[in-house]
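S.K.: The whole structure should be built from the sequences, with the hints applied where relevant.
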Amino acid sequence: MHLRSMKSLIVGLVGILLFVNAPVMADSKFDAMFAEDQPLKLEDTHESTISDPLEPINRAFFAFNDKLYFWVLKPISTAYAAVLAEDVRVCVRNAFSNLLAPVRIVNNLLQGKIGNAGIEVVRTVINSTVGVVGLGDPAASEFNIRPKEEDLGQTLGRYGIGNGIYICWPLFGPSTLRDTVGMIGDGFLNPVNYINEDFIGSVAVSSGNRVNDVSLRLGEYEDFKQAALDPYVSLRDAYYQYRKARIEDRDEMKPALSGAQKEDAIHVSNPPVLALEAPGKCFFIHIGTCIDEAQVAVFSKRLEDLSRSAVVRVYERNDYRFFGIETPVTGTFSVAKKQEVELASLGFTSAILVVR
Amino acid sequence: MKHLLNVSSSLILRVGSILLLSCIFLTASPVAHGLAAEPIQQIKKSVQEILDTISSPGYSEDVNKESNRRKVFAIVEQQFDFTEMSQRTMAADWKRITGEQQNTFVGLFSQLLQKTYIAKLEKYSGEKVEFKDQEVRGDKAVVQTYVLKDGVDIPLIYRMKKQGDEWRVYDVVIEGVSLVSNYRGQFTGILRKEKIDGLLRKLEEKISSLDDATGG
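For the record, the sequence lines run as chains A and B. In terms of our numbering, the first sequence opens at residue 1 and continues consecutively. In terms of our numbering, the second sequence opens at residue 1 and continues consecutively.
Honestly, the hints are just simulated from the structure, not real lab data. A few of these clues could be false.
Stated by the list, open to error - Within a straight-line C-alpha distance of at most 25 Å, the following computed DSS-like cross-link-like pairs (lysine-lysine) qualify:
(1) A:K244 <-> B:K132
(2) B:K65 <-> A:K225
(3) A:K225 <-> B:K193
(4) A:K67 <-> B:K120
(5) A:K225 <-> A:K244
(6) B:K123 <-> B:K149
(7) B:K206 <-> B:K193
(8) A:K225 <-> B:K195
(9) B:K120 <-> B:K149
(10) B:K149 <-> A:K225
(11) B:K71 <-> B:K193
(12) B:K140 <-> A:K244
(13) B:K140 <-> B:K123
(14) B:K95 <-> B:K128
Said to hold, decoys possible - Label pairs and their computed distance ranges (CB to CB):
(15) B:V136 <-> A:K225: 34 to 44 Å
(16) B:G138 <-> A:Q295: 20 to 30 Å
(17) B:V152 <-> A:G118: 32 to 42 Å
The beta carbon of each residue, even a glycine, is placed where N, CA and C say it ideally should be.
M.R.: Okay, structure coming up:
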């Protein structure tokens with residue numbers, strides 16, 4: 001353990017030294033979607049995605065993983081799926097997901113998402129008790145509390161560390177230098193690695209998880225490969241895009257919710273630049289108005305730092321539009337009034353209580 | 001290194017699922033003329049139509065297979081703007097090829113998309129689709145949907161462009177991965193090494209291999 005922690009520390013430091021660059025965060029809900037569109041037309045730009053100096057080796061490992069899937073993983077998973085009902089397999093997946101809660105909690109905290117870390121704690125408590133050691137997911141199914149997926153690779157990305165280079169690991173599949181460092185770090189938070197002192201035991205448990213996962217997704221890799229002209233490049237690009245969206249926490253990546261909770265959830269998601277109708281008699285504290293989305297982002301960030309959510313209202317007046325930033329209050333009028341004063345003392349000088 | 005197994009275990013498969021579900025959405029609805037529908041309404045109606053078609057009794061029977069596929073092809077063709085998609089996947093290279101090559105490319109690329117998705121469509125097993133939100137800016141729109149599969153929400157976004165009275169899809173973004181960008185990455189590499197002829201040949205080969213696989 002000691003040797004491994006030294007190793008990961010060194011790799012981490014090297015990674016940080018080599019690949020710090022400026023992060024680009026999405027400002028509002030669909031901004032990234034529209035923004036990406038602009039240069040798409042017929043501009044003469046070669047889109048730089050991810051550097052891949054190890055391509056020949058990576059391609060070799062990609063081919064290895066491909067064979068591994070078709071010759072080993074798929075036959076085992078197919079047999080496994082034939083023996084165990086889907087419900088049972090979903091339970092197994094839930095249990096493993098529950099075990100990985102420490103990874104999500106720590107990384108939410110590292111990214112300053114105190115609220116999300118709290119949600120993960122609540123989820124773990126519910127699922128480990130009512131959900132019978134994580135076999136069910138009542139936190140999601142009954143209470144509609146969804147997991148807040150974060151890992152160290154995302155945390156590092158959030159801190160502005162670039163991907164480094166693309167790496168396709170044998171067995172583990174696509175990754176980057178940064179995400180590899182992240183995975184090693186997260187490994188220390190994975191209880192499975194502490195269940196057995198011996199290496200073989202942990203590998204067995206981990207492999208079981210992998211087989212279970214594959215059994216629920218049989219056929220997807222084949223479909224993916226079938227649609228690609230160059231599966232290696234397709235997977236590399238998909239990995240890059242997928243991770244980028246996760247790091248930027250794009251709203252469109254957030255889970256759907258249903259019913260009444262959905263409405264609440266939209267209200268507290270940050271920072272959607274959308275006009276939202278609140279249910280009657282809710283207290284909000286209006287903290288300022290902005291002329292552009294950059295300002296909205298600044299306000300939202302400051303609120304986020306205080307673990308408060310931001311509600312952004314869009315006002316359209318003839319040719320221009322501006323944004324009103326508010327933060328919702330849960331509680332009575334006197335609670336809201338107290339928070340108004342508190343926020344004003346924290347630098348939000350125009351904080352004013354509104355009822356909607 | 002053993003712990004890497006857990007953290008990354010589902011990633012390759014998750015990424016692999018990117019192209020899987022867009023099938024459910026390659027759908028079309030002829031919109032009433034003179035009345036521009038909201039993009040989200042248009043997609044919603046289309047998805048419903050296609051789901052009705054493929055889950056209708058006898059859809060998968062061998063006798064009907066070809067005609068049913070053609071029916072779905074026709075719907076798909078109307079909803080998607082394959083020319084726009086082609087231009088976007090070729091990006092700067094679009095202007096460097098001849099008009100004839102452009103036409104051949106559009107034809108082959110749309111065939112590839114249709115064939116890969118029709119195969120996946122036929123694996124549809126009752127996943128629910130939720131239509132959440134839309135945003136329109138000028139002649140562009142983004143429509144957000146979710147596919148609920150095995151208790152997991154898969155976010156899926158359509159990028160649409162208005163043409164006359166209709167909104168037509170030119171990109172599908174699943175779990176943050178854009179279909180157009182993904183193909184562009186692949187095509188750029190092939191074009192650099194093998195030029196347009198090599199790309200067209202590869203597309204042809206891929207399509208015929210798909211035909212062999214599906215017997216269609």
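S.K.: If a hint holds in the structure, say so; if it does not, say that too.
M.R.: Evaluation of the provided hints:
no., hint, in the structure
1, A:K244 <-> B:K132, "holds (22 Å)"
2, B:K65 <-> A:K225, "holds (24 Å)"
3, A:K225 <-> B:K193, "holds (21 Å)"
4, A:K67 <-> B:K120, "holds (23 Å)"
5, A:K225 <-> A:K244, "holds (22 Å)"
6, B:K123 <-> B:K149, "holds (13 Å)"
7, B:K206 <-> B:K193, "holds (18 Å)"
8, A:K225 <-> B:K195, "holds (23 Å)"
9, B:K120 <-> B:K149, "holds (14 Å)"
10, B:K149 <-> A:K225, "holds (21 Å)"
11, B:K71 <-> B:K193, "violated (38 Å)"
12, B:K140 <-> A:K244, "holds (23 Å)"
13, B:K140 <-> B:K123, "violated (31 Å)"
14, B:K95 <-> B:K128, "violated (41 Å)"
15, B:V136 <-> A:K225: 34 to 44 Å, "holds (36 Å)"
16, B:G138 <-> A:Q295: 20 to 30 Å, "holds (23 Å)"
17, B:V152 <-> A:G118: 32 to 42 Å, "violated (23 Å)"
Taken one by one, the earlier hints fail for this structure at numbers 11, 13, 14 and 17, listed in ascending order.
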